[in-house]
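Which chain is which? The protein sequence lines are A and B, in order. Sequential numbering from 1 applies to the first sequence in this note's numbering. Sequential numbering from 1 applies to the second sequence in this note's numbering.
Think of the hints as simulated: they come from the structure by calculation, not from any bench. Errors might be hidden in some of the hints.
[Unchecked claim] Just a sample of chain A residues kept apart from chain B, beta carbon distances all over 10 angstroms, derived:
#, residue
1, Pro22
2, Ile32
3, Gly71
4, Leu89
5, Thr108
6, Ser121
7, Ile128
8, Val138
9, Glu195
10, Ala197
11, His206
12, Ser208
13, Gly225
14, Val229
[To be verified] Derived EDC-like pairs: lysine to aspartate or glutamate, alpha-carbon spacing no greater than 20 angstroms straight-line:
#, chain 1, residue 1, chain 2, residue 2
15, B, Lys145, A, Asp136
16, A, Lys242, B, Asp136
17, A, Lys242, A, Glu272
18, A, Lys162, B, Glu161
The C-beta atom is built at its ideal place from N, Cα and C for all residues, glycine as well.
Number of protein chains: 2
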Amino acid sequence: NFLPRCSSPLTSRFMDFPFVSPPHKQLMVDLISSVETSLGSSLLPCSLPPDVQHFESPNGDAQGSLYVRSGDESSLVDFILGSWVHCKLPSGGELNITSLSAYLKPHTDAPNFLIELIRSSPTSLILILDLPPRKDLVLHPDYLKTFYEETELEKQRQLLEKLPEVQPYFSTALYIRAVLSPTAIMARIEAKADESARMEEIIHEHISPVAKDLLKIWLELCANGNRKVEKDECLQLAQRDKVFKNMTIEIDLGSSFPRLFGHDVATRILGELKIVYNA
Amino acid sequence: NFLPRCSSPLTSRFMDFPFVSPPHKQLMVDLISSVETSLGSSLLPCSLPPDVQHFESPNGDAQGSLYVRSGDESSLVDFILGSWVHCKLPSGGELNITSLSAYLKPHTDAPNFLIELIRSSPTSLILILDLPPRKDLVLHPDYLKTFYEETELEKQRQLLEKLPEVQPYFSTALYIRAVLSPTAIMARIEAKADESARMEEIIHEHISPVAKDLLKIWLELCANGNRKVEKDECLQLAQRDKVFKNMTIEIDLGSSFPRLFGHDVATRILGELKIVYNA
Chain A
1 NFLPRCSSPL TSRFMDFPFV SPPHKQLMVD LISSVETSLG SSLLPCSLPP DVQHFESPNG
61 DAQGSLYVRS GDESSLVDFI LGSWVHCKLP SGGELNITSL SAYLKPHTDA PNFLIELIRS
121 SPTSLILILD LPPRKDLVLH PDYLKTFYEE TELEKQRQLL EKLPEVQPYF STALYIRAVL
181 SPTAIMARIE AKADESARME EIIHEHISPV AKDLLKIWLE LCANGNRKVE KDECLQLAQR
241 DKVFKNMTIE IDLGSSFPRL FGHDVATRIL GELKIVYNA
Chain B
1 NFLPRCSSPL TSRFMDFPFV SPPHKQLMVD LISSVETSLG SSLLPCSLPP DVQHFESPNG
61 DAQGSLYVRS GDESSLVDFI LGSWVHCKLP SGGELNITSL SAYLKPHTDA PNFLIELIRS
121 SPTSLILILD LPPRKDLVLH PDYLKTFYEE TELEKQRQLL EKLPEVQPYF STALYIRAVL
181 SPTAIMARIE AKADESARME EIIHEHISPV AKDLLKIWLE LCANGNRKVE KDECLQLAQR
241 DKVFKNMTIE IDLGSSFPRL FGHDVATRIL GELKIVYNA
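With the hints as constraints, model all of the structure from the sequences given.
What follows is the structure, given as structure tokens:
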């Protein structure tokens with residue numbers, strides 16, 4: 001039975017993004033569709049168990065969804081990982097996080113892709129958007145030049161920086177800061193208390209085009225690029241990728257998932273993610 | 001004749017910092033004195049030629065001074081480098097830059113030290129203050145933990161960040177961003193147009209204690225620390241340090257010095273610095 005498990009009715013829940021605003025949902029769907037169109041059949045169907053594709057906390061206050069597609073043998077893509085998390089807050093508000101990350105195999109040294117939107121109120125958004133480098137930029141200025149200078153990513157960062165609602169965001173996790181590139185967009189966006197419409201406008205008119213441009217660069221230059229590396233370097237990249245992935249799971253999910261979903265659900269989800277990450 | 005050339009009357013010019021405000025001068029003198037007291041006789045006397053210790057542009061609009069002391073054989077310190085540059089601006093104002101950097105030898109992997117103050121008007125200051133890491137932090141989370149998390153450097157960064165006059169500063173050189181740590185202080189500080197006294201207060205009451213705390217950590221944990229590395233890693237560190245130093249000279253001085261001091265003076269100074277950097 002080779003029917004992809006993702007084509008069950010459960011699957012549609014991921015792409016539904018049922019708890020976020022229309023512009024927020026549209027952005028996520030557009031990004032994932034771009035990746036899937038560009039990479040086509042080189043992406044294998046999602047094979048996560050249904051209870052990892054969609055899960056909730058015992059009391060139902062928190063829900064989440066994961067979507068993973070691995071690259072086939074011919075692909076430079078290791079896997080793409082989409083996620084959303086929704087959680088009712090004790091204050092009466094809600095927290096919504098959506099993310100898309102894409103990891104390449106150690107046969108290439110090109111950067112990964114990452115976008116994460118953290119919405120803690122209708123007027124408050126944290127955005128992380130970057131092509132995280134896969135080599136030490138201090139030792140490899142040529143890599144910095146190819147992927148960050150010649151692509152003019154700094155211009156994209158400045159497009160958002162100049163909006164009056166945008167302030168730089170500093171992640172409390174120093175490791176997360178360390179994995180990002182010098183042109184990473186780390187922004188805290190605050191609209192006035194009664195201006196949630198302005199936030200939707202910022203997502204639609206400012207964040208969306210920048211995110212799509214970054215993804216386009218990633219697809220052309222990285223996922224469909226032609227940078228292959230020799231065996232020695234491949235081993236080094238695999239080692240760096242492994243530390244990066246383990247630390248990311250530990251920092252990003254290891255602390256928040258047990259809190260949001262309880263021990264049992266969190267253990268199931270993290271266990272499945274570790275399989276994907278070390279695949 | 002082993003009399004250190006720095007003990008000539010010319011030398012005093014470096015420590016005079018003749019063009020900056022008293023709190024700015026006091027900060028630089030205090031930092032350099034701390035380093036010299038802590039490292040004592042393990043620092044060799046400055047042996048720069050007099051015309052590199054102090055130099056000016058052909059028309060006299062720009063002046064500069066360099067001060068270099070190398071570590072002796074027993075020391076983990078490669079060298080410390082102090083500098084100041086003063087330049088009259090066409091607008092009638094003046095530009096003053098002072099810096100202190102300290103580089104360790106590849107026998108240890110501990111971070112370097114860097115402070116730079118760029119003053120383009122009495123009410124405008126750019127501050128760069130950091131312990132630049134000497135290893136890829138993504139691959140070495142334990143290094144991040146030892147030098148940046150356990151030292152609580154983030155608290156120091158936040159002390160300055162919370163001042164209303166302070167905004168994050170993004171260097172136009174992506175390489176400079178890449179060499180800094182996740183807790184680097186990169187700040188653009190702007191006082192109101194008629195409040196240069198407030199800027200002096202910020203230097204004296206806020207920047208100075210933070211800079212001294214960072215230097216104290218560097219002296220205890222890095223310059224006088226006990227992290228020695230094996231031969232293989234020593235070679236890797238030497239390679240990374242070399243790229244770092246060459247890129248830093250190229251970006252930081254290679255473009256500005258010819259503009260400020262003319263081709264001949266710039267060539268003399270850069271030539272001498274390259275000797276120091278590759279020593």
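Ascending list of hint numbers which this structure does not respect
Per hint list: single violation, 8.
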